[in-house]
Amino acid sequence: MEVFNLESLFDLNVGQKCHILSILVESPLKRRLIDIGLTPEGEVCCVGQSPLGDPKAYLIQGAVIALRKEICQNIIVGAVK
Amino acid sequence: MNKTYTVALAGNPNVGKSTIFNALTGMHQHTGNWTGKTVDSAIGYFKTKTNNYRLVDLPGTYSLMPHSPEETVARDFVINEKPDAVIVVCDATTLCRNLTLVLQTIKVSQRVLVCVNLLDEADKKGIKIDLKLLSEKLGVRVVGTTARNKKSVKNLTLTLDEVLNQPPKTDFDFNTNEEAALLTVKTAEEICSTVVTYKTDNHNERDLKIDKIITSKIFAFPIMLALLCLVFWITISGANYPSDMLFSAFSQLEDWLSTLLLSLNCPEIIHNAIIFGVFRTVSFIVSVMLPPMAIFFPLFTLLEDLGFLPRIAFNLDKPFKNCGACGKQALTMCMGFGCNAAGVTGCRIIDSPRERLLAILTNAFVPCNGRFPTIIAIITMFLISGGISGSFLSAIILTAVITFGIILTFLATKLLSKTVLKGVPSNFILELPPYRRPQILKVIVRSIFDRTLFVLGRSLIVAAPAGLIIFIMSNAKINDITLLSYCADFLDPFARLLGLDGVILIAFILGFPANEIVIPIIIMAYMGTGVLEDGFSLSFMKNLFTQNGWTVKTAISMLIFTLCHWPCSTTVLTIKKETASVKWTLLSILLPTAFGVVLCMIFNFIYNLMF
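Chains A and B supply the protein sequences, listed in that same order. The numbering used here puts the first residue of the first sequence at 151, with every later residue one more than the last. The numbering used here puts the first residue of the second sequence at 7, with every later residue one more than the last.
Keep in mind that the hints were calculated from the coordinates and are not lab data. There's no promise every hint is true.
To be verified - If you anchor each label on the Cβ, the simulated ranges turn out as follows:
#1 A:Ala-229 to B:Thr-200: 46 to 56 Å
#2 B:Asn-155 to A:Ala-229: 35 to 45 Å
#3 B:Gly-534 to A:Gly-203: 55 to 65 Å
#4 B:Lys-156 to A:Ser-177: 38 to 48 Å
Unchecked claim - Covered stretches of chain A (in silico footprint by chain B; criterion: 3 or more residues with CB under 8 Å from a CB of chain B, positions within the stretch not fixed):
#5 168 to 181
#6 194 to 201
#7 211 to 217
Here a beta-carbon is modelled for each residue, glycine too, at the ideal position from N, C-alpha and C.
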C-alpha cells in the first residue's frame, strides 16, 4: 500500500483512496454530506478532477459526487488502513 | 366500489423514478438525467383489480432533511400529507446511499414499498442484490424492477395492492439531528454489506474511463465546443427543409383562408388585418421556430439522457464559481442556446435562490435558435465572401459570436453577484450519474411534447396580437406616412448612436414576440410593402440593405445588438413566472439592453476613430 501524507480531502490525487477522519463543516451542509454517504470513518476514492482542477469527483458509496475545493478542504482524511 | 389510495413516489435524484411513474400511469413526463429535474410534483392515476391509485411523483431527494426547495416539497408531502403508502425507488447500482432515504421514510410513513430499480444496469456492472434478504432486514416489501421491462412494473402494482392491505403504521419517529443521520447511514451500510455482492471491484471502470477523457485538461474544452458546434450545425442545416415545407403549407392555407373570408363578404381591411397581420405573423413564427426547436431539443435531451450534461457542469464549475455562481448554470446556459425561455425554466435545477436568479437574469446573453438565423444571415451577407473558405470563415465567426455571448454571460453574472445579488458561492454538490444508453424514440417524443410545444404555445399567445400591431403600424397612415415610418424616424437619431438605424431598432421592438421576425420586419419597412414576406435571396437582401445605408459597421452593430437586447416576450413571461417578481423581470430586460446599448456605442466610437 502506497503511503502518503494527507491533510484534507482536496489533497487526494486521482486514483487515491482515503479514510475520512472528521468533517469540519457546520450543519446543514454536514447533514447533507452525511446524507450522500460521506461519513466519518467512511472510505472515499478520488476518481476525477475538472480540467481547471476544481471541483474534484469522488466515489462515495458507489456514486460519483463532485465537490468543490471549499468543502473538501474542511474534510480531514487519513490513509487507508 | 374500489377505494382510492394516495401513494407517493420518492427516491434519490436520477434513479429512474419518473420512468416508473410513466410506466405506472402512462402519463408522459420528462425524466432528466441530472439532479432534481422534477420540480413540481406530477400527479397521475392508475387502477388495479382491487384499488384505484393517485400517484404523486415527488422531486428527487437524498434525505428527508431538505436542503433545496424541491426537497422541501418531497419532505412536506411525506410528513404532512400522510400518503397511504410511499414507494421509495432505489438505484440498484448505488443501493447503499439510497437506503438512507428508505430508512428515514420507513420511520415516518404509514406503509412503505421499496422498489429497487435499474437491476439490469447493476447486473451489467456485476452487482448482485439479495432482494429477499433486503426485505427481511428492512421489514418492508421489496420489489426489483427494470423500468424498461413491463412485467416487473406489473409485479410492482400487485405488491402495492398487498402492501395496502396491511394496517398502517401509527408511531412515527422523526429525528433530524446529526447523530440520528449518522446512525441511519451506519445502518444502511450494515444492511448493504450483507445484501449486496460485487463480482468485480471496479464496477464503473467504463464510466471512469470516459470521464477521464471528457474532463481532461487537454480535451475537455475542445470536446465541449466541438459538440456545441455539431449540435448547431445539425439544427441549422436540418431545419431548412422542414421550414420551407411549413412555409408552403401555410401559404396554401393562407390562400384558402383568404378565399373563405372573401366569400363571406368580409370587409377588405379586416381581411387584410387577419390574413396579412395575424395569420402571416403567426405562420411565419411557427415555420421559422418549430423546426430548429424540434431538432435542437431532442439532441439536447439525448445528451442529457446520456449523462453528458452533468459533466459540462463539472467542467465549467470553476469559472462560474469565480463569478459567484453555480456550475449548473452551464447547463441552463446551453439550454438557452435552444430557447432562452426553456433555459430560464431549467434554472430550477439550481438549489440556491441567489444563484438561480443569477442564471435566470443572464440566460438571454446566449443567442437562442430564434436569433441564429439573423446572426448567420448577417455574417453571410456582410462579413465574408463566398466559396468554401467563406463557409469555413462563417463557421469561425459564428463560433466567435457564440463565445462572445458566453463571455458576456460570465461578465453579467459577475457584475450581478458584485452588486444586487451579493453573496458567497453556495456549496456545490453535483452527482455525476452513470452514462446510460438513451431511449432514442422516447427522447424525441418527450422533448417535442415537453419543451418544443410548450415554448411554441407560449410564443403564439403573443404572436397573434403582435401580428395585428405590426399590420396596423405598417398600414395605418397619417399624411400618407405609415406609423411605422414615424416611429422609425423618431428612433433614428438614437439608433444612429448605436450604429443602427430607426428601422432596425423598431424591428427589434416589434420583434419582441419572436426574434425570428426582426429581419422580415426590416425588409418590410425598407420595401414599404406593409406585409411580411419570405423567400428573398441573400443577395437581394444584401442589395436592399446596402441601398438603405448598411455597411460592415451596421452589420457588426446589428450582431452585437442581436446578442444583447431585451429577451423575447416568451422569455420575459417565463422569467416573471419563475421569479414571481416584477422587479427581477424588469432587471432581466434592462440588463442585456444596457449591455447592448453600451457595447454598440463603444464599438461605434472605436470604429469611427479607426476608419
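Evaluated hints:
A hinted range of 46 to 56 Å is violated for the C-beta pair Ala-229 (chain A) and Thr-200 (chain B), which are about 27 Å apart. Taken as a hint, the range 35 to 45 Å holds for the pair Asn-155 (chain B) and Ala-229 (chain A), whose Cβ atoms sit roughly 44 Å apart. The supplied range of 55 to 65 Å is met by Gly-534 (chain B) and Gly-203 (chain A), whose beta-carbon atoms lie about 59 Å from each other. Range check, Lys-156 (chain B) to Ser-177 (chain A): about 43 Å between beta-carbon atoms, so the 38 to 48 Å window is met.
Requiring three or more residues with a Cβ within less than 8 Å of a Cβ of chain B, the coverage given for the region 168 to 181 of chain A holds, as 5 such residues are present. For the region 194 to 201 of chain A, the proposed coverage by chain B is satisfied: 5 residues have a C-beta within less than 8 Å of a C-beta in that chain, meeting the threshold of three. For the region 211 to 217 of chain A, the assignment as covered by chain B holds, since 7 residues bring a beta-carbon within under 8 Å of that chain's beta-carbons and 3 suffice.
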